[in-house]
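Once you have looked at the hints, place chain B on chain A.
Note that the protein sequences, when read in sequence, are chains A and B.
Note that the first sequence covers residues 1 to 247 in our numbering.
Note that the second sequence covers residues 1 to 297 in our numbering.
Hints may be right or wrong, so weigh each one.
[Said to hold, decoys possible] Restraint-style ranges between C-beta atoms, simulated for each label pair:
| hint | chain 1 | residue 1 | chain 2 | residue 2 | range |
| --- | --- | --- | --- | --- | --- |
| 1 | B | Pro162 | A | Leu220 | 28 to 36 Å |
| 2 | B | Pro162 | A | Arg68 | 46 to 54 Å |
| 3 | A | Trp10 | B | Trp164 | 36 to 44 Å |
| 4 | B | Phe124 | A | Ser107 | 52 to 60 Å |
| 5 | B | Leu101 | A | Arg99 | 39 to 47 Å |
| 6 | A | Ala62 | B | Gly193 | 45 to 53 Å |
| 7 | B | Lys219 | A | Leu73 | 27 to 35 Å |
| 8 | B | Val190 | A | Val230 | 21 to 29 Å |
| 9 | A | Ala150 | B | Val190 | 37 to 45 Å |
By construction, these hints were calculated from the structure, which means they are not laboratory data.
Where is the CB? At the ideal position from N, CA and C, for every residue including glycine.
Residue strings, one per chain:
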Amino acid sequence: METVETFFQWLRQSHGINLTIGYDAWDRAQFLSGLWMTVKLSVLSILFSLLVGVVGAWAQGAQSRLLRLPVGLFVTFFRNTPPLVQLYFFFFALGSILRVQNDAGMSVPMISAFSWAVISLTLFAGALNTEIFRSGIDAVPKSTLEAAEALGFTRLQTYIYVVLPLALRISLPSLGTNLVNLVKTTTLAYAIAVPELLYSAAQIWSEQLNVREMMTILLLSYILLVAVLVWIMGRWERSLRIPGYGV
Amino acid sequence: MWLPPIPEPARNPALRRPGHMDVLLPRRAYAASALNWRETLLNPVSMTLLFAGLTASLIGAAWAQDAASAQPSVFSVLLKWTPLLGEGFAYNVLISLLSMLIGTVLGVMLGILQVSPLMPVRKFAWLVTQFFRNSPWLVLLFYSILLIPFQVTAFGITVPFPGWLKAVIGLSLPVMAYMSEYVRGAILSVPTGQWESAESLGFTRGQTMRMVILPQTVKRILPNWMNLYAVLTMATPLVSIIGVDDIMGYTRSALSAEGRPDILIPMYLYVLSWFFAYCYPISLVTSWLERRYSVKL
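Chain A with its partners taken away, still in its complex shape (with noise of 0.2 Å):
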């Protein structure tokens, strides 16, 4: 430990790079934090984007025109609005009136910051995941669906079995877009002060008045955190494939 920062101050004295996180304990800590901010908001946002993905696409296939209608408005209007203002309309407006009397007996917000990110990001990436998910389903050839009927499945059968293996490895490709997607938008939630990566970068560089070094090092982040999504994506892509059945 000594000798890194031994390093982060020499290169700060010789060639005026100065990077505070390498030697300074209380930077350090602020951009690990803002880093696992980051991380559990992308990870619960994805895990939750996926589910409501899954649970829309579903909707959307049934039968009753009642339960499609509402995933339909549903997407269309997270599809074609700003994620930010989505994020402002829930934080700021719902966020108004959804308050409680702490013991104290002041009025406090009922849903923090960080959770109205989640939900926010959960929406708009679901919204996406729905519209991916649903044609990976509708990609499924008709052939495919006819052997299964052939071979006696039922339609249930057929859907868990046949349909929804096939329309997962279809979908797979646009759902990594996507969930890199939601990882670079987990930024807006600096707007809402939540201290994730970009806001604890923001908050060391106005400090320190190192801007130049915190955004190289703050891009290099999120790189490095979308290359290990990229990559996990792949081997689960990877692992999933059938031999012989390109999509």
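Same frame as chain A, now just chain B:
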């Protein structure tokens, strides 16, 4: 040998008979009927959504009058601020158009470099594309706002860089990267036969690219390009975070000027419906183009 004349595309199974082969028919015959404009634009979903903001505002108005009849109604408050919000939205549109212009021009050039025969050029273009494609839009905005000087002096001439111009540059970087990927994909999707026949006709590489390959990619890129524009427009409110005037900034000023918690929900819904009214038609046309150009198998 006499063959019977090929009839119109036989969607009706009764028309199918030996000698009729669907594959031999022009593909356009199927795709042309894809869109009925009236149905697409006037379907219940789009209509409901277009007026959702308005309805919500009216409901909010009634509710507000219940709460405090002395204050002006929510509806009249929204109406009062509409000219200002309209001005703000015009800034958003202006920023999106300029960024799209810059991003498209740079992106096409970068995309062409990505298929360059020179390995170092190709790798460099790939690296630039991936870098800007995988970094968050907001971080790129911060990057250009904080790192571009507020004015540049060269040869005694001082060129100022106001905030909105920096925002335009910051937003055009991701547009450039996405465009570069679309152009690369589209160029690679043109059959190699096109390259070879152009070469055998004596075209140079530059001529082949300009006169043979790029015109063929337009059709393929167009839906993606329009979708990208819609995404960019929905990213423009980000500029309010870095202090550039836009609809979001004006909305927040209006809200603090009114200082009434009951107009928060109608106001934000109103802003959302501004964007919806602008972006939804674009996405309708995009999906129409996609259907029109897609090859049905």
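A quick look at each hint next to the structure:
At roughly 29 Å, the beta-carbon separation of Pro162/B and Leu220/A lies within the given 28 to 36 Å, and the hint holds. The given range of 46 to 54 Å is respected by Pro162/B and Arg68/A, whose C-beta atoms sit roughly 48 Å from each other. Checking the proposed 36 to 44 Å range against Trp10/A and Trp164/B shows it holds: the Cβ atoms sit about 41 Å from each other. For the pair Phe124/B and Ser107/A, the beta carbons lie near 56 Å from each other, so the given range of 52 to 60 Å is met.
Checked against the hint of 39 to 47 Å, the pair Leu101/B and Arg99/A passes, with Cβ atoms roughly 45 Å apart. For Ala62/A and Gly193/B, the hinted distance range of 45 to 53 Å is satisfied, since their beta carbons lie about 46 Å from each other. One distance hint, 27 to 35 Å for the beta-carbon pair Lys219/B and Leu73/A, holds here, with the actual separation near 32 Å. In this structure, Val190/B and Val230/A meet the distance hint of 21 to 29 Å, their C-beta atoms being roughly 27 Å apart.
The supplied range of 37 to 45 Å is met by Ala150/A and Val190/B, whose beta-carbon atoms lie about 40 Å from each other.
Of the numbered hints listed earlier, not one is contradicted by the structure.
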